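Engineer: Chain by chain, the residues run as shown.
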Amino acid sequence: MSGEPAADGELTFMMGRYPARVPTDRRYARNHMWAQPAEGGLRFGFTAYAIRLLQDVYFLEWNIDAGTQLRERQAIGAIESSKAESELYSPIAGRLVAFNEDLLSDPSTINVDTYGAGWLFTLAGDESPLLSPEGYLEHLAASWKIAERTIKGQLND
Amino acid sequence: MAKLTVVISQGQSAQPARRRLEEELVTALLFEPGVEVTVIPHLYDLAPNGTGMLCLQSVPGDLIVLAWLFPRAAHWTLDRNGIRGRMGVSLLAEGEASDEDAPENQEGSNDGDKPRVLDSRPLPPRTIHCLDLRTKQEVSAYVAEVRRIRDEAAVQTVSITGPLGILARSAPAPVVVAPVASSEEPVARKVEEQAARRWYPVIDYSRCTNCMECIDFCLFGVYGVDRADTILVEQPDNCRKGCPACSRVCPENAIIFPQHKAPAIAGSADGEAGGLKIDLSKLFGAPDALDVAVLERDVELVAVGRGAVGKSVGIPQRQPARTQGPRDELDDLIDELDRLSL
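As given, the protein sequences belong to chains A and B, one line each in that order. Take any residue in the first sequence, count from 1 to its spot, add 31: that is its number in this note's numbering. Take any residue in the second sequence, count from 1 to its spot, add 35: that is its number in this note's numbering.
Since the hints were derived computationally from the structure, they do not count as laboratory data. These figures come from a predicted structure and were not determined experimentally. All C-beta atoms in this analysis are idealised placements derived from N, C-alpha and C, irrespective of residue type, glycine included.
Ranges of calculated distance between the beta carbons of each label pair, as one might list FRET restraints:
1) B:Lys346 / A:Ala155: 28 to 38 angstroms
2) B:Glu59 / A:Ala172: 55 to 65 angstroms
3) A:Asp56 / B:Val348: 43 to 53 angstroms
4) A:Pro68 / B:Asp261: 53 to 63 angstroms
5) B:Thr62 / A:Asp157: 49 to 59 angstroms
6) B:Glu59 / A:Glu169: 51 to 61 angstroms
7) B:Ala179 / A:Ile95: 30 to 40 angstroms
Please model the entire structure based on the sequences and the hints provided.
Structural biologist: Structural data, given as structure tokens:
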């Protein structure tokens, strides 16, 4: 099991040979988003783990408006990258405060600055399902085999 | 030889870009020989016995329908209204992919050995091409496709009547019918109908196996059966606007809601497997389709003052049959996914 502290304030999860950074200054949702307090609620963005699976993001779309009240795991948008695509779901229940408008014209910031300027949206709501960095690392370790198989299974079709 | 009827189904809103494309198309096609242009309001919104549908029903031969709809959605909307024919293959593929290898028609495109409702329903000997106006932005692309279909139809006619089919096929298209007398400007037939926006399911009978899960699931009386006990959308206007729940429950993805924002539900042909790309939705938190459907249904039940029923009513009983086989790796994988609630 991987989880060696790599640098100060950072854990690492080894995705095969790729080290996915898990900064310890924030919390995490099970659907591979980080969460950090920000104006109006919590700011959410993709984790390095999610970005490694997606690779180069070139399309991001939201199909709800800011201000919408969301259920946990409600469909809110879609993302497409060079290698993959996915619907996007609300990490927690709550009200969507704002989207990162800069991403709509250039979603590549998600790749460039995953844990900073590549944030996705601000959401105010029930924070109880969020995991600690250590908890997220355990979640990754437990689900990595499934993730691998999901990817390989689809590739081998 | 009969002219080819080209129907332009207008968008629901008067969005300027869409209206412009429609108008330019009408203008371009009016002067196209062998083609007759009809303009109707949005196909999906037409009333079952309204002027628009009656007009379409009166077309005896081949038909091209250009609409702001996925071709499957348009085709099966027409079919439900008695405007039936073989599904023509367009070279204006969805997306940019070339469709050269597409089968002659898309019946049974969901291979497998299950009998589909369409298998037991003979189609009239004509072809209906449905083109999605969202595929290309240039009018010329649609005009070229209309020409191609017209010329192909003409060649086929000749090859049947001519002595040497193969020769006829390679001959230049002899279809050129003289345009309408030059003294008169050709005009498009325009069907006026007050078409309010509608919302109802459309069944793709090339996929439907008549399993009845939709009629069990829907609690609003949308579905019924015909005299041959085949499922049909009997009371479309009982449907709850915005609710696509039965479509999620359908095991064959045969139920289309043409106005839904998710392409797979709106009738995209390649919506479900995600094409060539890896679908990470499950890893990124996609809830189970059945859970979503149950929730959507409850919302609509509450909205009309009835109680939520959750999973107590009309839930497909597919699991018992499935567990009879030996468990395989995939079963374990799915169980793990459920347990982890990724």
